[in-house]
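Undergrad: Make a model of the complete structure from these sequences and hints.
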Amino acid sequence: MFPARFNYYRAESLPEVLDLLARHGSEGKILAGGQSVIPLMKLRLASPAVLIDINRVRELQAIAGDERGGLRIGALTRHHHMEIKKWPRSLALLMDAARDIGDPQVRNLGTVGGALAEVDPAGDWGPVMLSLGARVRAVSPKGERTLPIDELFVDAFTTCLAEDELLREVEIPPLSDGTGTAYLKMERKAGDFAIASAAVRVNRSPDGRCQDVGIGLGGVGLVPLRARGAEDLLRGSNLEEELIREAEESVRKECEPLADIRGSVEFKRQVVGVLFRRALKIALRRAQGEEVEAGHV
Amino acid sequence: MKQRVPISLTVNGEIHELFIPPWQLLLDTLRDELGLTGAKRCCIEGQCGACTVLIDGKPINSCLYLTIEAQNQEIVTAEGLVEDGKPHPIQKAFVERGAVQCGFCTPGLVVATKALLDQNPNPTEDEIRIALSGHLCRCGAYVQITEAVMAAARETAQKEVGV
Chain A
1 MFPARFNYYR AESLPEVLDL LARHGSEGKI LAGGQSVIPL MKLRLASPAV LIDINRVREL
61 QAIAGDERGG LRIGALTRHH HMEIKKWPRS LALLMDAARD IGDPQVRNLG TVGGALAEVD
121 PAGDWGPVML SLGARVRAVS PKGERTLPID ELFVDAFTTC LAEDELLREV EIPPLSDGTG
181 TAYLKMERKA GDFAIASAAV RVNRSPDGRC QDVGIGLGGV GLVPLRARGA EDLLRGSNLE
241 EELIREAEES VRKECEPLAD IRGSVEFKRQ VVGVLFRRAL KIALRRAQGE EVEAGHV
Chain B
1 MKQRVPISLT VNGEIHELFI PPWQLLLDTL RDELGLTGAK RCCIEGQCGA CTVLIDGKPI
61 NSCLYLTIEA QNQEIVTAEG LVEDGKPHPI QKAFVERGAV QCGFCTPGLV VATKALLDQN
121 PNPTEDEIRI ALSGHLCRCG AYVQITEAVM AAARETAQKE VGV
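Protein chains in written order, with the UniProt record's numbering: chain A, 1 to 297; chain B, 1 to 163.
Any given hint could be a false lead.
Claimed, not checked - With a straight-line cut-off of 20 Å between C-alpha atoms, the simulated PhoX-like cross-links for lysine-lysine are:
#1 B:LYS159 / A:LYS85
#2 B:LYS159 / B:LYS92
#3 A:LYS29 / A:LYS142
#4 A:LYS29 / A:LYS42
#5 A:LYS29 / B:LYS159
#6 A:LYS42 / B:LYS86
#7 B:LYS86 / B:LYS2
FYI, nobody ran anything at the bench for these hints, they're computed from the structure.
TA: Next up, the structure:
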């Protein structure tokens with residue numbers, strides 16, 4: 001099992017990537033961590049004539065704070081780097097997600113940008129970035145644009161990016177004080193994709209009111225989903241137990257799971273509701289400064 | 001389309017100048033061109049970990065890595081742990097603790113253990129299980145494998161304090 005033939009180009013800088021994309025965008029594919037694209041090429045589900053290796057492009061590898069207090073994560077940041085980074089407590093969900101992606105070998109190579117651009121319906125970074133209200137910066141030979149992450153995901157394994165566009169970085173907006181986050185997924189075994197997953201970002205004012213909330217769901221649709229109905233129920237509320245149950249039901253109604261080897265539609269709806277509720281509870285405790293473990297179930 | 005391209009590959013400290021097809025996987029180059037059969041051809045889809053080698057000290061699946069990506073990187077295979085013909089303490093611990101049955105998963109586990117102990121010389125049992133979660137042992141010797149890693153960690157620690 002090996003890939004079909006291709007021409008290989010290694011880019012050493014971002015301008016080189018853009019130049020290669022201008023020349024080969026329509027027949028080419030980007031090689032980042034390769035943990036999905038190489039299996040696809042070996043199975044001959046993808047046979048690009050040109051492979052553009054961006055692994056040596058330093059501009060794409062940084063994690064940096066921006067002037068507004070937000071965070072920019074370079075597309076080529078490995079899952080492993082997300083796992084070992086000391087995140088502020090408000091971003092604890094990044095650690096929750098990173099440490100259970102694939103296995104160590106996959107995390108050492110696989111990248112955040114690659115995973116987002118692949119749009120695997122059961123991927124982990126999609127729901128996480130949706131809950132954070134992240135934006136992605138894309139570059140092409142024609143220029144640059146920033147778009148909400150919601151717009152990136154068009155269909156399973158399909159983004160809105162053009163053939164000559166590269167996902168350059170993810171921008172996480174600044175989080176206000178009193179924000180807690182959590183990501184929970186259910187998986188069949190270590191290293192498997194999620195049966196279902198839920199990411200929650202919640203901000204509570206000192207008097208207990210929910211000022212803002214973001215909910216991302218994975219494994220329960222063709223793309224990572226944002227549970228806007230449940231968000232609307234909770235935003236501005238006092239997060240009463242009854243209302244949380246209502247939001248849980250809303251999550252179940254809003255998602256669109258498909259039956260597959262990982263479970264039936266009914267099972268996934270049930271699971272994602274529970275994961276959402278538990279993730280919300282963990283996020284709320286974290287918002288109050290508690291150290292709480294989260295991750296897979 | 002270029003059938004073969006020149007590449008300089010550093011494996012176990014030795015530099016090899018090769019002409020390889022760009023689509024050739026690192027696993028195939030190691031086994032078929034360099035005769036290093038430690039890394040095993042098993043599931044070939046990144047599930048089992050039998051083909052694991054270290055790139056710049058980090059475990060990766062060599063079946064999901066193009067040879068050409070490894071240009072100027074340090075590759076270490078299980079063969080590279082042997083010093084002066086003597087097995088590495090990790091390799092010894094695997095044999096002594098019965099962590100080897102059929103042996104097919106062993107070379108991958110041994111290099112992953114090397115990467116773990118280089119980072120974390122005194123891992124807990126949980127940390128060992130997490131670090132080795134990308135390896136399947138079809139003989140089911142997981143308990144002995146965990147024990148072997150702990151024994152190897154103790155051995156290495158003793159060496160360092162000169163006991």
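Undergrad: So which of those numbered hints doesn't the model satisfy?
TA: 1, 5, 6 and 7
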